Amino acid sequence: MKPINEQLDPILATDDQILDALSDADTASIMLCMVHLTGDMGIIRGAVKPIMEFLAPGEGITAQERQQVLHQALDVLKGYRDAPGELFNPNADELLEMLRFLAGDQMSDEHVAFLTSELSMNGEDPYGQPAIFTVPEEKRQQFEVLVIGAGMSGLLTAIRLKEAGISFKVLEKNEDVGGTWYENRYPGCRVDSANHTYSYSFKPKDWPQHFSPQEILREYFSDTANEFGLREHISFQTEVSEAKFDERSGQWLVQAISDGKTRTITANAVVSAVGQLNRPHIPGIPGAENFNGVSFHSARWQHEHDLSGKRIGVIGTGGSAFQFAPILAEQAASLTLFQRTPPWIVPNPEYFNEVPAGVHWLQRHVPFYAKWFRFKVFWRSSEGMLAAARADEGWDRPEESVGVVSQMVREMFLENLRGELKGRDDLLAKCTPGYPPFAKRMLIDDGKYLRTLKKDNVDLITEQIDCITANGVRTSDGVEHEFDVLIYGTGFKASEFLFPMKVYGLDNVELHEQWADAPQAYKGVTVPGFPNLFCTYGPNTNIVVNGSIIFFSECEVRYILGCLALLLEKDAAYLDVKQDVCDAYNHWINEGNAKMAWGQSNVNTWYKNASGKITQNWPGTLIEFWQQTRIADESDYWIKRL
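Residue 1 is where the sequence shown starts when you use this note's numbering, and the numbers rise one by one after that.
A portion of the hints provided could be inaccurate.
Claimed, not checked - Here are the computed distance ranges between Cβ atoms for each label pair:
#1 C467 with R248: 24 to 30 Å
#2 Q64 with H360: 24 to 30 Å
#3 E97 with N353: 29 to 35 Å
#4 G434 with W588: 29 to 35 Å
#5 L12 with M41: 28 to 34 Å
#6 I285 with E97: 43 to 49 Å
#7 E289 with K502: 24 to 30 Å
#8 G434 with K502: 50 to 56 Å
#9 Q67 with P349: 17 to 23 Å
#10 E175 with L428: 40 to 46 Å
#11 R263 with G434: 50 to 56 Å
#12 G79 with W588: 51 to 57 Å
Claimed, not checked - Here are the computed lysine to any residue pairs in the SDA-like style, where the Cα-Cα straight-line distance is at most 20 Å:
#13 K570 with P90
#14 K448 with G472
#15 K310 with D484
#16 K205 with K139
#17 K205 with V377
#18 K376 with Y351
#19 K261 with F236
#20 K502 with A267
#21 K203 with L8
#22 K310 with E482
#23 K570 with C467
#24 K139 with A267
#25 K371 with P90
#26 K613 with Y504
Hints were generated in silico from the structure; no laboratory data involved. The structure displayed is predicted, hence computed values, not measured ones. We put the CB at the ideal spot given by N, CA and C, even for glycine.
Please construct the entire structure, taking both the sequences and the accompanying hints into account.
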């Protein structure tokens, strides 16, 4: 990937305009920018230092200290405007000091290489795979890769393959790129990872909001496909039904259906980029087929129906319902939410906010502001909350929390609930989880959802659903709730990886039969007995508290390119991860998950399969995954020549 060069606009603003923009600045980020503009390391060696702990309010910088910093920044930016000079390029020790200023004592020595690379101050590519470029170009061009899916991971894979000069095709079942951001179009749909990290490392964006809505994200991925010339490589409205590995030729034979016709595509390797959250789950509630009104899943929203003045029932109070319920409540005659388990709510006043105009100005005009601002968001969201999800040995309150920090977070979340639902003890009881924070997916809210529950036309039902009738929903207390519209906000078939494809490996073994409801892979990427098959967002690569899923995908694709480099360097037909290597790795994964909140609690969650095994989540730190996926180790694989 070509280095990212900041393309900044010259500063033409007046002193007052600069000061106005600085009023929106992140204090720590602008201090680091001043170092670049002046070469004065003393700016970060004084008494003003940020506090980056999850439970610390704000930046840990007083209002007086902040004003001093901003006025100093005004003087620096005025000088740079009037006489732009050469920027200070810190050496390794100075850059480390700048990193430690921002990250504080939490940053250990082992983080240095990882975070220096992620910051990419000099245009480094933190997720590039140099090993692939040691392979002769002719070999790379003759190797064929088939990518299944053109969502976030599929586009990323295609970009990296194109950069490496490897031949590839992409099959996409939808009419356009974007994956989940193409399919999910329900009202209020938006990302719940901070957008400055929910973006490719090589394609930053001046995001309009801190957490962007679906249409902005879909546009981002569409623009990516255009910018990198990927569309000519993608076959749209093409779905894979079956893939078989031919051991004699060392190739995959893939059955692809388009326009009702099936064709066979051959490839040396297959990358599954089908994701985990793209096949809607509709629970088998008795009588569902008898409902006389309109019904649909939130991921297949039927926009042709006017919901104004309707009696609407929503089954589920997970992430999707959290986002669309407040919008429906504004137009419905009545809105009834059926809740099985209340989610923990992370209060975030910025969740629906626009990024302030001053931040946009700073990112466009001030050298390195965008990099340091993104890095701070990345660091704070990376390992900041991990301690609250990790269990303390001997902790004896598993129904509440899993440790000291976990209990502190619980109390903080409870305080928010009590404040938002003051005077509504009935709702407080219904909305208070009886399990530890982080044990299941937590949801972000600025108070909008909880305020929606207090509306006169909204009802939250916690009685178990008995059945669906012709007119609505009957609960276990015998009450029949009548509706015109029934919406399933019941999530996805997350544990059914690569569903509904049939995938046959060595000895004609089918992948899902081998997994037997307990999917596992080596580093979430390779599976024993399925040579040259690579997964992105595979088993146990979902993150709960630290970072963005795009970070994981970038690590995975780097590792896949490492595997391809190993394969081509050896003039081999295929490589197959060793069973004992995969087993040992997943033993480590299982032990790690058992020590996390989601492994300690018995609460129902999509993180688990039907038997209760955690098949989704990564239990470690970001740096551990970054380190594990830097190279492909030859000793982990059987490498076969024909």
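> So which hints don't hold here, by number, going up?
Replying inline: Numbers 1, 6, 8, 13, 14, 16, 23, 26 - these are the hints that the structure violates, sorted from lowest upward.
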